[in-house]
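Undergrad: Residue-level listing of the chains:
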Amino acid sequence: MHVDNLVVVVTLASLLVYFWTSIQVANARVRNKIIAPAVAGHPEFERAYRVQMNTLEWLPLYLPSLWLFAYYFNAIIAAAIGLLWIVGRIVYALAYVKDPKRRGLGFSLQTLATAVLLLGD
Amino acid sequence: MHVDNLVVVVTLASLLVYFWTSIQVANARVRNKIIAPAVAGHPEFERAYRVQMNTLEWLPLYLPSLWLFAYYFNAIIAAAIGLLWIVGRIVYALAYVKDPKRRGLGFSLQTLATAVLLLGD
Amino acid sequence: MHVDNLVVVVTLASLLVYFWTSIQVANARVRNKIIAPAVAGHPEFERAYRVQMNTLEWLPLYLPSLWLFAYYFNAIIAAAIGLLWIVGRIVYALAYVKDPKRRGLGFSLQTLATAVLLLGD
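Chains as they are written, first to last, in the numbering used here: chain F, 1 to 121; chain S, 1 to 121; chain V, 1 to 121.
Hints are not guaranteed to be accurate.
Said to hold, decoys possible - Which stretches of chain F does chain S cover? Using the computed rule of at least three CB atoms under 8 Å from a CB of chain S, they are:
hint	segment
1	9 to 19
2	53 to 64
3	107 to 120
Simulated from the structure, these hints should not be mistaken for laboratory data. Note that the structure is a prediction, hence the values are computed from the model and not measured. A virtual CB, placed ideally from N, CA and C, is assigned to each residue, including glycine.
My request is simple: use the sequences and hints to build the entire structure.
TA: Here it is in structure tokens:
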């Protein structure tokens with residue numbers, strides 16, 4: 001497998017994680033009967049929505065940095081840091097919906113991964 | 001015309017559709033006197049805002065998937081599916097502002113298009 | 001320095017400006033004790049959040065247009081227009097948190113920059 005393909009695989013996996021956070025919002029919307037266009041009204045929905053929004057907020061920092069890092073430095077290291085981002089995002093999402101106060105660990109992991117990719121360029 | 005240019009044209013057309021949803025928000029803000037930074041206060045504004053936000057939420061899934069699909073498989077098929085996304089997005093936007101309950105058809109079209117591009121990779 | 005690198009530098013600088021708007025939100029959240037997942041409750045926080053969101057809303061219009069303009073036309077002109085976007089974004093952010101009514105100048109600058117890049121393609 002060509003190493004650049006690793007970055008594509010990590011990109012697609014990252015997008016699937018984001019897609020999964022979007023599905024949680026749709027599910028929470030139905031389950032808690034939040035009628036569109038409302039984006040508030042039940043704590044479970046609001047948590048799921050913030051998880052999706054926060055993931056969305058970081059995607060434009062993370063994805064271009066991932067690709068520029070892979071292009072200018074090293075695709076394998078970029079893909080490895082991308083995996084850290086994915087793990088951080090999943091830990092963040094799972095912790096946040098249980099208790100937003102516990103979002104720190106996963107958030108720190110994804111922030112570290114993004115910062116290394118962005119500032120490493 | 002080189003086939004890759006088709007993907008560029010579809011990308012620019014997709015961004016113009018998104019740009020159009022943003023202009024609807026600005027217009028609804030003025031028309032309904034929603035003073036910034038408020039993003040609520042009138043149903044028409046809230047619908048236009050959710051249309052823009054939902055389109056924004058899907059762009060990072062759709063655009064990278066469009067390009068990776070075009071690069072790894074077939075640029076013409078990618079562009080055709082991109083056209084489906086554009087049609088779905090316009091149908092979704094027009095239906096949503098009239099009645100959010102009718103957003104299903106357009107949303108399904110754009111979801112199908114994005115899913116094929118993302119999972120087809 | 002290769003001219004294409006100018007576009008990379010402008011891209012990274014643009015992302016850092018966006019990153020800075022995100023940090024303002026985090027700071028305003030702590031300072032005004034806005035407990036997650038709330039995204040409202042204090043004017044200072046709400047302004048910082050809208051600045052970040054508006055910057056996020058424009059990134060998918062601006063960044064792909066910047067790169068396509070640089071690729072199809074001229075990387076130096078693209079980078080120069082990107083600098084205008086960055087200046088507009090900083091002016092917008094600084095004015096908005098003081099008084100949202102003053103957001104016009106910076107917003108116009110970034111809109112002009114994005115429109116030239118997008119419609120110039």
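Undergrad: Would you mind marking each hint as holding or not holding in the structure?
TA: Hint by hint, here is what the structure shows:
By the rule of at least three residues with a Cβ nearer than 8 Å to a Cβ of chain S, the coverage given for the segment 9 to 19 of chain F holds, with 6 such residues. For the segment 53 to 64 of chain F, the stated coverage by chain S holds: 4 residues have a C-beta nearer than 8 Å to a C-beta of that chain, and at least 3 were required. Under the rule that three or more residues need a Cβ within less than 8 Å of chain S, the assignment of the segment 107 to 120 of chain F is violated, with 0 such residues.
The structure does not agree with numbered hint 3 stated previously, though it agrees with all others.
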